[in-house]
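Visitor: Given next are the chains, with one letter for each unit.
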Amino acid sequence: GAGVSQSPRYKVAKRGQDVALRCDPISGHVSLFWYQQALGQGPEFLTYFQNEAQLDKSGLPSDRFFAERPEGSVSTLKIQRTQQEDSAVYLCASNPIEWAGANQPQHFGDGTRLSIL
Amino acid sequence: KNEVEQSPQNLTAQEGEFITINCSYSVGISALHWLQQHPGGGIVSLFMLSSGKKKHGRLIATINIQEKHSSLHITASHPRDSAVYICAVRSKETSGSRLTFGEGTQLTVNP
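As you go down the protein sequences, you meet chains E and P in turn.
Residue 60 in my numbering is what sits at position 60 of the first sequence, and the numbering runs on without skipping anything.
Residue 1071 in my numbering is what sits at position 71 of the second sequence, and the numbering runs on without skipping anything.
Among these hints, one or two may not hold up.
Unchecked claim - Between beta-carbon pairs, the in silico distance windows are:
{"hint": "1", "chain 1": "P", "residue 1": "THR1075", "chain 2": "E", "residue 2": "VAL12", "range": "20 to 28 Å"}
{"hint": "2", "chain 1": "E", "residue 1": "GLY59", "chain 2": "P", "residue 2": "GLY1040", "range": "20 to 28 Å"}
{"hint": "3", "chain 1": "E", "residue 1": "GLN104", "chain 2": "P", "residue 2": "GLU1005", "range": "18 to 26 Å"}
{"hint": "4", "chain 1": "P", "residue 1": "GLY1040", "chain 2": "E", "residue 2": "SER27", "range": "19 to 27 Å"}
{"hint": "5", "chain 1": "E", "residue 1": "GLN104", "chain 2": "P", "residue 2": "SER1026", "range": "22 to 30 Å"}
{"hint": "6", "chain 1": "P", "residue 1": "GLU1005", "chain 2": "E", "residue 2": "LEU39", "range": "14 to 22 Å"}
{"hint": "7", "chain 1": "P", "residue 1": "GLU1005", "chain 2": "E", "residue 2": "SER27", "range": "34 to 42 Å"}
{"hint": "8", "chain 1": "P", "residue 1": "LYS1054", "chain 2": "E", "residue 2": "PRO61", "range": "33 to 41 Å"}
{"hint": "9", "chain 1": "E", "residue 1": "GLY59", "chain 2": "P", "residue 2": "SER1026", "range": "15 to 23 Å"}
{"hint": "10", "chain 1": "P", "residue 1": "PRO1039", "chain 2": "E", "residue 2": "GLN83", "range": "19 to 27 Å"}
{"hint": "11", "chain 1": "P", "residue 1": "GLY1057", "chain 2": "E", "residue 2": "ARG81", "range": "32 to 40 Å"}
{"hint": "12", "chain 1": "E", "residue 1": "VAL30", "chain 2": "P", "residue 2": "ILE1060", "range": "30 to 38 Å"}
{"hint": "13", "chain 1": "P", "residue 1": "LYS1055", "chain 2": "E", "residue 2": "ALA13", "range": "41 to 49 Å"}
{"hint": "14", "chain 1": "E", "residue 1": "ARG81", "chain 2": "P", "residue 2": "GLN1014", "range": "43 to 51 Å"}
Hint data in this document are derived by calculation from the structure and do not stem from the laboratory.
Please read these numbers as outputs of a predicted model, since none were measured by experiment.
Think of the CB as a built atom: it goes at the ideal place given N, C-alpha and C, for glycine as much as any other residue.
Bound conformation, chain E alone (with noise of 0.2 Å):
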């Protein structure tokens, strides 16, 4: 069956301005959570959601970065006022079930990777 997509696949914007980057997790999975990896290190977690509901997004570098998913299944990662440090792989991820009771494992998408100029 399909995976989880990521598009764009690839970003370039000039700083100061604003990106939006979509995923649309495995078709009812409940969790989906996303990431932000820096080149040369491993993913770092930046947010979480349960169906509709942000959980947890404590991992947001700045007020810079927002996140939504308001219907439950897609979500955008919206990035205003990029800054060249903000230039990375952004991964989502989704998980059949509600995450915090049990181990499952995170399906991967590919990732957008996004530069800043």
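Given chain E, put chain P in place with the hints provided.
Guide: Just chain P, lined up with the frame of chain E:
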């Protein structure tokens, strides 16, 4: 000190060699994941374990909860195994949802 540390950072092997990648963590965990990331970014979950040992094909993952250490082994390595291997833990000490990742081990298997 990072909560999750991997070694080595880079590993080059010849085809057929037995490979070991190590992961140490400093927090109590409910699960440890081994992930594979190919160039281009896509991440595949290889194993999730909370005790003992798991095997899938040529891959073996072990964990020692008391020592807070896990290893990923690849037997009869092949050039197609070349990728970044990432260890990630679900900590008992942070709010329920997040994974904490190591920095990854870049494996290159030469023919």
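Visitor: Quick one: which hint numbers does this structure break? Sort them smallest to largest.
Guide: 1 and 11
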